[in-house]
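Please work from the sequences and hints to get the whole structure.
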Amino acid sequence: MSALRVEAVAGLPEVRPGDDLAGLLLDAGLRAGDRDVLCVAHKVVSKAEGRVVDLAAVTAGDRARAIAAAHGKDPRQVQVVLDEAASIVRERPGVLICRTRHGFVCANAGVDASNAGGPTRLVLLPLDPDASARRLRAGLRERTGSAPAVVITDSFGRAWRRGQCETAIGVAGLTLVDDWLGRVDADGRELQATAIAIADEAAAAADLVRAKDSREPAVVVRGLERHVTAGDGPGAVALVRAAEEDLFA
Numbered sequence: 001m002s003a004l005r006v007e008a009v010a011g012l013p014e015v016r017p018g019d020d021l022a023g024l025l026l027d028a029g030l031r032a033g034d035r036d037v038l039c040v041a042h043k044v045v046s047k048a049e050g051r052v053v054d055l056a057a058v059t060a061g062d063r064a065r066a067i068a069a070a071h072g073k074d075p076r077q078v079q080v081v082l083d084e085a086a087s088i089v090r091e092r093p094g095v096l097i098c099r100t101r102h103g104f105v106c107a108n109a110g111v112d113a114s115n116a117g118g119p120t121r122l123v124l125l126p127l128d129p130d131a132s133a134r135r136l137r138a139g140l141r142e143r144t145g146s147a148p149a150v151v152i153t154d155s156f157g158r159a160w161r162r163g164q165c166e167t168a169i170g171v172a173g174l175t176l177v178d179d180w181l182g183r184v185d186a187d188g189r190e191l192q193a194t195a196i197a198i199a200d201e202a203a204a205a206a207d208l209v210r211a212k213d214s215r216e217p218a219v220v221v222r223g224l225e226r227h228v229t230a231g232d233g234p235g236a237v238a239l240v241r242a243a244e245e246d247l248f249a
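In our numbering, the protein residues as written are 1 to 249.
Just so you know, these hints were derived from the structure itself, not from any lab. Every residue gets a Cβ at the ideal spot worked out from N, C-alpha and C, and that includes glycine. Any given hint could be a false lead.
[As the list claims (entries may be wrong)] Simulated DEER-style distance windows between Cβ atoms:
no.	residue 1	residue 2	range
1	G103	G50	21 to 29 Å
2	A138	P17	14 to 22 Å
3	P234	G94	31 to 39 Å
4	D128	D20	15 to 23 Å
5	S146	E245	34 to 42 Å
6	R215	C165	49 to 57 Å
7	D128	D179	24 to 32 Å
Pasting the structure below:
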């Protein structure tokens, strides 16, 4: 591999519950072959799957009201976070770091108000992002005969670093990690710990060509064909470090 080509898909309309995401992407001009990687921001996946909550329909419980008072948040929004969280890992003023049902450790259990389609709406993570990736890949194969790898992405903070980076939360058809354990470096030394996070790095590359307000949630990455697989693979769930191995949670 000598080069990557990363292109956003323009023209996708506002996605609503029940929409056929594969069809919308193709109508918007998506062209992706079996050797390509399609990276899709989870929000459009979540919207199509109906994973959207309106705060008007939420009643906050006692715990949510107590946390909201301590953090200066809307108690209804805190209630949604609690509903989505398997556990709260850390609390800091204004920040709730949660472990989700998927095993992800992230702010507010992935609940997000930006680009939600309305001032009182919140977008949740897909119930099963790997299944979402597999369905989207299958839908594209059915319509076009081609099955690009599919990566569902979300932005996470990172231990040791400031800022957010796009991360793979659902994967179908892409090598998750290129493990160099046992190989040798340029000096002939055997590598003991190098494991390249292919799916996460594809997600991050995709994020560089779309602004957060661009309404371009889908990006095609070309040049990773050696990591694209015919089978869907185990999914991004295999990237989640077991809680007992997590030094930061």
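Which of the listed hints are not met by the structure? Hint check: 6 fails alone, others pass.
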